[in-house]
Amino acid sequence: MLEGPSANHPLGTDDLGQDLLARMLYGGRISLAVGLAAMVVAVVVGILVGAIAGISRGSVDSGLMWLTDLFLSLPQLPLLLVVVYLFRDSMKEIAGPEVGVVILIIVVIGGLRWMPVARLVRAQFFSLREKEFVEAARALGASTTRQVTRHILPNSLGPVIVAGTIDVAAAIILESTLSFLGLGVPPDIPTWGRILFDAKDYLDFAPHWALFAGGAIFLAVLSINYIGDGLRDALDPRRVM
Amino acid sequence: MSQYLLRRLLIVIPSLIGISLVLFVLLALAPGDPFGELAQNPAVPPEVRAALREKFGLDDPIMVRYFRWLLAMLQGDWGFSFVSRMDVDTLILQRLPVTLIVIGASQVLALVVALPVGVYAAMRPYSLFDQVATTTAFIGFSLPTFFTGLLFILVFSIHLDWLPFVYQTNVSGTGLAFVWEHIRQAIMPVVVLGLFQGGVLTRFVRSAVLDVVRLDYVTTARAKGLRERIVILKHIVRNALIPVVTLIALQMPIVFGGAVVTEQIFRIPGIGSLLIASILANDTPVIMAVTFVTACLVILFNLIADLLYGWLDPRISYR
Numbered sequence: 001m002l003e004g005p006s007a008n009h010p011l012g013t014d015d016l017g018q019d020l021l022a023r024m025l026y027g028g029r030i031s032l033a034v035g036l037a038a039m040v041v042a043v044v045v046g047i048l049v050g051a052i053a054g055i056s057r058g059s060v061d062s063g064l065m066w067l068t069d070l071f072l073s074l075p076q077l078p079l080l081l082v083v084v085y086l087f088r089d090s091m092k093e094i095a096g097p098e099v100g101v102v103i104l105i106i107v108v109i110g111g112l113r114w115m116p117v118a119r120l121v122r123a124q125f126f127s128l129r130e131k132e133f134v135e136a137a138r139a140l141g142a143s144t145t146r147q148v149t150r151h152i153l154p155n156s157l158g159p160v161i162v163a164g165t166i167d168v169a170a171a172i173i174l175e176s177t178l179s180f181l182g183l184g185v186p187p188d189i190p191t192w193g194r195i196l197f198d199a200k201d202y203l204d205f206a207p208h209w210a211l212f213a214g215g216a217i218f219l220a221v222l223s224i225n226y227i228g229d230g231l232r233d234a235l236d237p238r239r240v241m
Numbered sequence: 242m243s244q245y246l247l248r249r250l251l252i253v254i255p256s257l258i259g260i261s262l263v264l265f266v267l268l269a270l271a272p273g274d275p276f277g278e279l280a281q282n283p284a285v286p287p288e289v290r291a292a293l294r295e296k297f298g299l300d301d302p303i304m305v306r307y308f309r310w311l312l313a314m315l316q317g318d319w320g321f322s323f324v325s326r327m328d329v330d331t332l333i334l335q336r337l338p339v340t341l342i343v344i345g346a347s348q349v350l351a352l353v354v355a356l357p358v359g360v361y362a363a364m365r366p367y368s369l370f371d372q373v374a375t376t377t378a379f380i381g382f383s384l385p386t387f388f389t390g391l392l393f394i395l396v397f398s399i400h401l402d403w404l405p406f407v408y409q410t411n412v413s414g415t416g417l418a419f420v421w422e423h424i425r426q427a428i429m430p431v432v433v434l435g436l437f438q439g440g441v442l443t444r445f446v447r448s449a450v451l452d453v454v455r456l457d458y459v460t461t462a463r464a465k466g467l468r469e470r471i472v473i474l475k476h477i478v479r480n481a482l483i484p485v486v487t488l489i490a491l492q493m494p495i496v497f498g499g500a501v502v503t504e505q506i507f508r509i510p511g512i513g514s515l516l517i518a519s520i521l522a523n524d525t526p527v528i529m530a531v532t533f534v535t536a537c538l539v540i541l542f543n544l545i546a547d548l549l550y551g552w553l554d555p556r557i558s559y560r
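Chains A and B, in that order, are what the protein sequence lines are.
Note that the numbering used here has the first sequence beginning at 1, numbered continuously upward.
Note that the numbering used here has the second sequence beginning at 242, numbered continuously upward.
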């Protein structure tokens with residue numbers, strides 16, 4: 001059943017004779033979608049927490065920052081494994097066997113990666129809220145909500161975009177890690193990590209199986225990191241000329 | 242100094258309580274049942290099961306159970322693993338040293354690579370060496386650890402047959418052969434983790450040095466006629482290291498994640514593989530203890546980073 005690359009199957013087949021190129025294209029959509037969706041969750045939560053902490057002073061700010069530091073010292077991968085494994089059955093009942101687990105993975109990855117965004121947004125808010133244009137808006141009678149949504153937030157998004165891009169890569173790696181450990185998506189969804197999990201026991205006589213799947217993860221992560229790096233150079237005001 | 246340490250420790254306590262509370266509630270809310278196995282066993286009558294549940298207090302409210310766990314843990318009683326049939330603290334103490342050795346060795350390797358490469362690259366920005374170093378570092382941290390692990394096994398174990406890919410606890414032989422065998426089987430896991438960390442750290446070091454290189458005091462040091470070696474080592478590197486220390490500490494959660502993966506690939510009997518085994522077996526006391534110990538270690542490393550910070554930068558006062 002296991003075939004190496006040939007004209008009929010450009011990337012070869014797996015142990016059930018399934019075409020690997022087709023499986024990787026299909027699974028890649030899910031890997032990328034999970035990465036993007038988890039980034040959206042992380043960025044939204046991060047902006048919310050950072051904006052609230054940045055605009056309010058005193059106990060709300062220090063409370064939220066304590067929470068952020070607490071999350072930063074949580075061991076991400078162990079916690080991710082525990083939560084996904086323990087709650088997968090309840091999620092399967094709510095949203096169906098495949099969608100349920102994928103949604104769970106997205107929410108948990110996003111919920112464990114919002115802290116850098118929150119810190120960035122808070123730091124931006126601290127400097128922006130003292131700037132003249134915000135003061136002018138305040139003098140014109142703009143409410144706090146309007147100051148935040150129209151003036152402060154749009155100006156603080158530069159670093160957030162960079163952090164969000166890198167988050168996509170991190171989320172793809174986390175999802176693949178989960179699937180690689182056999183605790184991620186169900187077996188019938190061939191995400192890249194899942195293909196690698198299936199392939200690792202055949203490493204000695206079918207290395208193409210693992211190499212193509214792993215290579216796909218590596219290339220996706222590398223490209224996204226490069227985009228993030230380029231965006232950082234374009235958007236970072238502190239850049240070295 | 243000791244007063245500062247004391248105050249830092251006092252800040253750590255609420256964090257630890259917060260983390261343990263989060264973990265405990267999470268595990269308590271989960272649908273898994275440590276006695277699920279017994280429920281499927283027809284030889285155990287339901288009354289016995291109910292009595293067992295009552296004995297371990299599984300039917301009490303969450304907060305009651307949390308405080309009972311907290312009190313027991315403070316007294317050194319970490320619970321009993323239903324699956325391994327031994328005390329959790331003995332189990333963890335058995336597994337922890339291997340994990341710490343692998344993580345420690347890989348961090349040392351990462352630093353040994355990243356410090357010289359990062360500093361040298363930053364001293365000649367945009368030169369050929371810098372381009373090669375930053376690109377390699379970029380590739381290094383874009384390669385997921387599970388993929389490098391498999392690649393290493395493929396090349397060094399299967400094709401070249403140089404290194405064993407299954408970690409063995411009871412190695413035969415004595416003396417030097419014994420030590421060599423241990424080193425041989427630790428090489429791949431340490432290098433896999435170290436390469437990833439090395440990539441991340443090289444970038445940290447490079448940008449930290451770049452930030453310092455242009456400052457006036459460096460020009461002053463050169464103008465005084467100091468040798469370049471002294472300028473780099475005593476003036477640039479020492480100041481550039483300050484933010485790097487914090488960044489290394491912030492990397493610790495990711496390092497522990499990487500350790501879970503490498504332990505699983507190379508079947509190292511550390512706490513990472515223990516965690517996955519206990520998750521699959523629904524062994525709640527062990528899951529709780531492993532995640533909590535990892536969180537404690539992360540906080541400990543952050544504390545050490547803070548203390549190092551003060552040592553590296555005397556401007557930060559310990560008050």
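Note that these hints are calculated values from the structure, not bench results.
Quick reminder that beta carbons are idealized off the backbone N, C-alpha and C, glycines included.
Hints are supplied without guarantee of correctness; some may be wrong.
To be verified - Part of the chain B face toward chain A, derived, beta carbon under 8 Å: (1) T331; (2) L391; (3) L488; (4) Q492; (5) I495; (6) A546; (7) L548.
Unchecked claim - Footprint (simulated), chain B over chain A, 3 or more residues, beta carbon under 8 Å: (8) 26-36; (9) 117-123; (10) 203-209; (11) 217-227.
Of the hints given before, which are not true for this structure? 1, 3, 4, 6, 7, 8, 9
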